[in-house]
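Peer 1: Single-letter residue listing:
Number of protein chains: 4
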Amino acid sequence: MSTIRQYLANRLQQIGINDYFIVPGDYNLALLDQMLLNEHLHMINCCNELNAGYAADGYCRANGVAAMVVTFSVGGLSAVNAIAGAYAEDLPVIIISGGPNTNAAPLHQLLHHTTGEHDFRYVRDMLEKVTVKSVIIDDAQTAAYLIDDTIMHAVRHQKPVYIEIACNLSGYPIEPPQALSFLNVNRSDALSLEAAVSCAASMLNNAKKPALVAGVKLRPAKATSAMQLLIDVSRYGVAAMPTAKGFIDETQKNYMGIYWGAISSPSCANIVESSDAYLFAGTILTDYSSTGYSMVIDPHKLIVANIDSVVVAGVTFNQVLLADFLSELAKKIHLNTASYDAFKRIQGEADMYQTAELNDPIKIRNVFSKLEKMLNADSTVMVDTGDSWFNGARLHLPKGCTYEVQMQYGSIGWSVGATFGYALATKGKRRVISCIGDGSFQMTAQEIANMIRYQANLIIFIINNGGYTIEAEIHDGPYNIIKNWQYSELIKAFSTEENHAWACQEKK
Amino acid sequence: MSTIRQYLANRLQQIGINDYFIVPGDYNLALLDQMLLNEHLHMINCCNELNAGYAADGYCRANGVAAMVVTFSVGGLSAVNAIAGAYAEDLPVIIISGGPNTNAAPLHQLLHHTTGEHDFRYVRDMLEKVTVKSVIIDDAQTAAYLIDDTIMHAVRHQKPVYIEIACNLSGYPIEPPQALSFLNVNRSDALSLEAAVSCAASMLNNAKKPALVAGVKLRPAKATSAMQLLIDVSRYGVAAMPTAKGFIDETQKNYMGIYWGAISSPSCANIVESSDAYLFAGTILTDYSSTGYSMVIDPHKLIVANIDSVVVAGVTFNQVLLADFLSELAKKIHLNTASYDAFKRIQGEADMYQTAELNDPIKIRNVFSKLEKMLNADSTVMVDTGDSWFNGARLHLPKGCTYEVQMQYGSIGWSVGATFGYALATKGKRRVISCIGDGSFQMTAQEIANMIRYQANLIIFIINNGGYTIEAEIHDGPYNIIKNWQYSELIKAFSTEENHAWACQEKK
Amino acid sequence: MSTIRQYLANRLQQIGINDYFIVPGDYNLALLDQMLLNEHLHMINCCNELNAGYAADGYCRANGVAAMVVTFSVGGLSAVNAIAGAYAEDLPVIIISGGPNTNAAPLHQLLHHTTGEHDFRYVRDMLEKVTVKSVIIDDAQTAAYLIDDTIMHAVRHQKPVYIEIACNLSGYPIEPPQALSFLNVNRSDALSLEAAVSCAASMLNNAKKPALVAGVKLRPAKATSAMQLLIDVSRYGVAAMPTAKGFIDETQKNYMGIYWGAISSPSCANIVESSDAYLFAGTILTDYSSTGYSMVIDPHKLIVANIDSVVVAGVTFNQVLLADFLSELAKKIHLNTASYDAFKRIQGEADMYQTAELNDPIKIRNVFSKLEKMLNADSTVMVDTGDSWFNGARLHLPKGCTYEVQMQYGSIGWSVGATFGYALATKGKRRVISCIGDGSFQMTAQEIANMIRYQANLIIFIINNGGYTIEAEIHDGPYNIIKNWQYSELIKAFSTEENHAWACQEKK
Amino acid sequence: MSTIRQYLANRLQQIGINDYFIVPGDYNLALLDQMLLNEHLHMINCCNELNAGYAADGYCRANGVAAMVVTFSVGGLSAVNAIAGAYAEDLPVIIISGGPNTNAAPLHQLLHHTTGEHDFRYVRDMLEKVTVKSVIIDDAQTAAYLIDDTIMHAVRHQKPVYIEIACNLSGYPIEPPQALSFLNVNRSDALSLEAAVSCAASMLNNAKKPALVAGVKLRPAKATSAMQLLIDVSRYGVAAMPTAKGFIDETQKNYMGIYWGAISSPSCANIVESSDAYLFAGTILTDYSSTGYSMVIDPHKLIVANIDSVVVAGVTFNQVLLADFLSELAKKIHLNTASYDAFKRIQGEADMYQTAELNDPIKIRNVFSKLEKMLNADSTVMVDTGDSWFNGARLHLPKGCTYEVQMQYGSIGWSVGATFGYALATKGKRRVISCIGDGSFQMTAQEIANMIRYQANLIIFIINNGGYTIEAEIHDGPYNIIKNWQYSELIKAFSTEENHAWACQEKK
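Chains as they are written, first to last, in numbering that gives the first Met the number 0: chain X, 0 to 507; chain P, 0 to 507; chain Y, 0 to 507; chain H, 0 to 507.
It is worth saying that the hints were derived from the structure and are not from the lab. Treat the hints with care, as some may be off.
Since the list gives no way to pick one copy over another, a pair counts as held whenever it fits inside one copy or between any two copies.
[Unchecked claim] Subject to a maximum C-alpha distance of 20 Å in a straight line, what follows is the list of computed EDC-like cross-link-like pairs (lysine to aspartate or glutamate):
hint, residue 1, residue 2
1, Lys300, Glu174
2, Lys132, Glu116
3, Lys207, Glu488
4, Lys491, Glu505
5, Lys426, Asp231
6, Lys132, Glu488
7, Lys128, Asp118
8, Lys369, Glu497
9, Lys331, Asp18
10, Lys221, Glu505
11, Lys132, Asp148
12, Lys330, Glu193
13, Lys343, Asp275
Chain X on its own, in the form it takes in the complex (with noise of 0.2 Å):
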């Protein structure tokens, strides 16, 4: 026999997690004991839940799944922006909660961490708006079924999931997990994917100057090689959202650059929106992406490939998995290049940060220059939202070097969580260099302490530019003035004998 925490320790162990993030509390002090047993999976302690949450998140971008530990309501609403975030972010991180004994509501007793009421089901709720799906585990003949149910949700639609467990029910004994591949069980129609394919090829291979765009939805939707197989068969140029930079290789021959309308990479908007005809993968239009609608897209040469639809010039095809389109399609499209000749020939002077030099005064320009430099196969860039987002852009990536930002959520604080959680799933194999404004830094700022503790051996730039400046930009005003801090004394204070980092800073 297994107990229910058991299990689903197991459970977590066999989908892939190595590292969990937690905040203790007295609802879950009986569930981490036995995920302790576990000798496969490592408890890493956060400041706050927040960060536990980010740290998640970044966890997940690496290593495809996700999970954290928090105590009952005090511990889920304090992560709830974060799992916001892995929602919008389509990122599979399990959020675990201890929740009440099953008998204190039959029993109409009134609890600590709650609000004071008798309705504990609240969490739940209010998780359930940002999960694919929220459980509260308060039996033990569904327990497993539960657990593995949800967990399936969160890999079936790469969105996050709650499991609240009853604090008196966590260690019942239940049956032990059994073989099971957690493999999505969505699959295409197969005579949508045909129409859709024929359709798409029929209108692409007509095409003069067709051209490719890829979109964030490759990742949740496992299509990355598909697409770079589409690319290699068609050789059409292509362009990456800026949500997507990093997804493709941006040493290939056809790369274009980024895509983000009005602020594009010099030339790429030019071809992609003078193509007569372009197909967007898995990409998704917001204000910001499309920095406020700015794209000259006209709906009769499109094609949207969506996670599990695609739509040509209008007609809907629905129940076509990215994945099986973009593979179908590479064997029914004709090779053209004229998109990225057109390309080169317009192309204008390299938009690389110019070379900068050792003595050379601190810029902005010049430290993404020296950053530049610093990339590897073995690298990673994340960048905070704000300026940075703009900078980071305009990298020049090298094969193999990874790239994360939260645009689509864009909640600041984000980066210095998720860095902690990404530099521990990659540990031993990847170098993660952050990027991180002030403002943002001063949101999450104590996890700094963590990734001495767990020694994660991360760089962090952080650029103090005096306050919310991508915000001073569109609208200023003295909310936009933060309070300065000395940034190097601040690692002094999270480093001990045991453990220490190193940190500098540049008088402005």
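For chain X, the structure is supplied; the task is to place chains P, Y and H on it using the hints.
Peer 2: Just chains P, Y and H now, kept in the frame of chain X:
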């Protein structure tokens, strides 16, 4: 003419707000501009929204009402745990958020700072679970009505409310606010009040040794002075629940200490539980406040006066407001000092902190002993969740000294922000002294920087016991051990030439 | 001691209920047994729950409050459309349902009459959307409080409420109900009331030709007599919205008819819309009541007195109750007969139904002409949604004659049940005469049988125009043609030896 | 180009709908016009929406999928109980409603057929609780995707869905629907399936006297033929749950009767419960289907095959589809006739209805005896909730004869509409014979008129026992006595020259 945001700013001023707590974001900048124009309102920047929420909580405890302004979704969801806490603790905190333009949903636009889907109402829907009213202002004609009605809900129920204003609407011209007293319109049912008072008076006047217990709902019911009147008239022995510590004068003759089940002040539980009639005024019994339901209370001897109902020996009287009940009861009650006399007889050696000498080693007991000596009529003691609860409960408060604890919700880290807010609300009048464990402190530590920026002039004792000690006492494990920091170095990092703080640290 | 169900039964009696409407089911039988023991309450069986809901609606219109009892889920969900209608029409109907035993959920049992899943709260969650409070009584200690509080919500807001009582709990002993007046505790804000009255009086007193319009919210605001006072004092010309027909005396001197935009009574809209100041008291303007927003109203000349706020030329005064406003306004208003004088001048030929002779062919116009002659001070006219709205609006009601229409919700079939309920509430005092189209009648026809059983002594005119004629006028199609019935044969089917009715039918 | 409503009509046709059930209303008339243009779809008018919902339920049982069209709010909420029933009974009924214009909410208009407030989403929110997906189509670009996706949800989960189309949008031009097979995309996890089959086979093959029980989920799982295969291969004795009566051939050799706890067919429970291993396929045990949890089942001997998981002696195998499991199990199972052999040995005198002679008095037993003789391969028996359940369960069904009961939801009155819908779906192929108590019949009696109008050619036995007899057996009281009707007169009222029915009535 006014604008919607001006209207709101004026209302905030009228209900007595001077400082409001913000984190700016692109959905709220224009709103903030307008609030800055109101010279009676002072904008306080916080590092993050959770801290801002805790600051509003603290401000509200001192000022009676508080406001905070956040940006859409990333702001509101980051603050939601503080709002849930304000709900649990009966604090009318008004959380104001910018929201999507009114045409975004009809145009089926996708937006940043959202989950990437078409529903933009999820923030309101989530906040609704932990507020007494949550509204989206998306229509100019009803804006004035809705703003007032929502604020009135906060005042009437002494609970938080959420007001989201569509970005494009906040500058829309509307007529300025009119005279409105924002008084609670709720009143007692005359028949029911009379019956309840008569029934309770009869029971108490017939008892030999009646006693009083003061509870946490006295504050939201605005019934503390009515309670004092009843104490004065009846001369019954009176105890306070730990959540209500500081609500009644601890130096008055009848005071018997903290009634907290098994861990009450010496002799206090003994007297309460052996009384033949006890009136619990504004109490709420949870697993914590009753120490695991360890109280020995006979329902036949019990009168519970709730916020809007009274139960006398199991008989319910509805629509009886707490302040009305206590005032009317005071008119009918006979003087009876028996319970307090008994208390004096059996009261053992005082539980005061033994006098600590200057060079005594730093131990918890000594710290609190010294702290007790610092207190005067202008002091406020705040204690964060954890060990400090138990140490704080034993403090003897001088008359006028106030005391704050978040014992219903018990979210660790609360006190950092709450101390900041309370100190601003009482600046120049009170000195706030806070006791915070290291685990709690790490949650929200960065807000120290803004205490320095805004010169809040408070004192914090960080009690560094190497982790979550209260949990370790309940249930120990490696999760309770946290990273040690150099806390006094932290203060250096937050201090700059313009403004700074003083810190020292005792070596372990 | 009492039981929970006895407590509830007593409360129903105390708030003035004599008849309650039921459909029995295994979740409510024990509850019904108890209600039968209360000799002041008469149980009325209905054929189905929708009809029972409509009957409660009608009963409530006459009696001020109504109750119905249904079984779990299959009952509550069958009634929900009638409850939504009661919500729309501001009727405090109390719907009471049996519910699952309190141990069913903790034992994770599956139950009949449910969706076959473990959540049993869905009925309450659904009803919550169309009531002002929906509760599940699953705890004996708080049952008395919750029952009273829920009923008080119905009374205060003049909206329906839902009370579900766990089957096994309804017989649990609790203390009997205490004195409680169930009055609305809401009151006007004194400052705001004074400001609103002063502002409105100034505007009206300065106008040359001010007019009054009576709206449907006068009833839930209990403001009809205050309105009459204002009419008497001001002598302004007064019109009624079609939804408020019958709320003011149509025989009084100042009365101008129905104000209904483009389809108002002759000359009425002309006078209202050409006034230089108009007070709309308790009006609500929908697409129907404004005939597609065809009213020509200048917001600068408009005072709208809502149920708890007043808007004078765009300036909002909050927390001003309608009855208080009208009463106070009556004290300050100057007599001014200009608008009514103007009305008399332009008033064209009377819009009365021409006198029909005995042998005239049966046409709608003739029917209503004869019907008008039947009316006296003890009559009540009810008209179902559809053509009858327009014919009914033109009726001249003698003083004392009441009139009912469900124009906000407009659910056809409503009047069959509503007529039944109204007739029972006024049995021995009033004669109800209803006009129902064949399409409406077929929806809910079977309830005729219970009118016969309970000898409701009412008169129904079924106007058989072969389908949904009002729809055919808007937009015709074969869907508007319905099966013809032999309606007078139907009455035979429902009549038995014990009790029977009389019917006749004119051949087409 | 197509329109949105044309798109929807085409999809309904493509998924196999011929008849759809409607009540017209101003929000759906344009939609109905369009559906009338599709010559493959036949519009069926119903008297009210509850009846239309029951008719769709019955149609769906015969046809696999069904649709109904209602108007906004007054329609949807009147139908909601039938939809909840369809949910409980696993029937993919598509309920389509017209909805407010897309500009009504942005313009803050108030509308008829609503609660009189600004939120128009409440109908969807309520329907969401009793459907597997509920959507509002308020955007043309995503309409095609959303319609298809919602219908796919109905098919995949075999549950109802709700589609609301904004009135002004339904005629908007969009591209026509593309090829799509609407097959369930869900599939078993290969690892888990193999493990489950292996584990179950081992348990069954090692048992001495294994038995099978067929449950109601076999139908939504589309697993009845896989079940028959397993029966054929294993030759185990097989029983059917009362909810699954008619799902397996009652004339086959292994058949043992109805397994229904304490009220099973003679000897049947005896054999099932004394087996040393039993496979329950697609069963669901509620208080009713288990007769108050009276079954004596040993979890260690039990295999439960659910719709997407299998539990073998407490061990859970997830993501195993019922049909896959049964088919694969059939490949591994050994023939074992021991349980059926035992059944034959102990089987007492047949429980058949004794042969009734022509002139025997009319008693329930005689009626069902005669009814049984009427049955053949083209018959369908429907029994409404109540006494008829028990009489129906004892019928011996000839091969090919189908049987329908709504035992999970058990909403009386269901069978009138359901009979109508089932008869239309099988017109010219089957004769439906229904047994309905008088209490049930009165709920929904008027739909008889439309059976006549559309010549449904069915037979109804109204069993007039003077009230709610099943309740009277459980718990009697005056509420169980209902008004007597002259039921055969009713048929006259519904018959006209154009179309009529035949009725007779036995005097009591």
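Peer 1: Taking the hints in turn, state whether each one holds.
Peer 2: A quick look at each hint next to the structure:
Taking identical chains as interchangeable, the C-alpha atoms of Lys300 and Glu174 lie at most 20 Å apart only when they sit on different chains, with a minimum of 15 Å there against 56 Å within one chain. In the homo-oligomer, the alpha carbons of Lys132 and Glu116 lie at most 20 Å apart only across protomers (16 Å), although the nearest pairing inside one protomer, at 24 Å, exceeds that limit. In this assembly of identical chains, Lys207 and Glu488 lie within 20 Å of each other by CA distance neither inside one copy nor across copies; the values are 60 Å within and 65 Å between. Within a single copy, Lys491 and Glu505 get their C-alpha atoms as close as 16 Å, and across copies as close as 17 Å, so both meet the 20 Å cut-off.
Taking the shortest Cα distances, Lys426 and Asp231 never come within 20 Å of each other, neither inside one copy (32 Å) nor across copies (58 Å). For the identical chains of this complex, Lys132 and Glu488 are neighbours neither inside a copy (43 Å) nor across copies (44 Å), given an alpha-carbon limit of 20 Å. Taking the shortest alpha-carbon separations for Lys128 and Asp118, both the intra-copy value of 18 Å and the inter-copy value of 10 Å come in at or below 20 Å. In the homo-oligomer, the alpha carbons of Lys369 and Glu497 never lie at most 20 Å apart, since the shortest distance is 32 Å inside one protomer and 33 Å across protomers.
Taking the shortest Cα distances, Lys331 and Asp18 never come within 20 Å of each other, neither inside one copy (43 Å) nor across copies (41 Å). Proximity of Lys221 and Glu505 under a CA criterion of 20 Å is satisfied in neither setting, with 42 Å inside one chain copy and 54 Å between copies. Within a single copy, Lys132 and Asp148 get their C-alpha atoms as close as 9 Å, and across copies as close as 18 Å, so both meet the 20 Å cut-off. Proximity of Lys330 and Glu193 under a CA criterion of 20 Å is satisfied intra-copy only: 12 Å inside one chain copy versus 34 Å between copies.
Taking the shortest Cα distances, Lys343 and Asp275 sit within 20 Å of each other inside one copy (18 Å), while across copies they are farther apart (72 Å).
In summary, the numbered hints that this structure violates are 3, 5, 6, 8, 9, 10.
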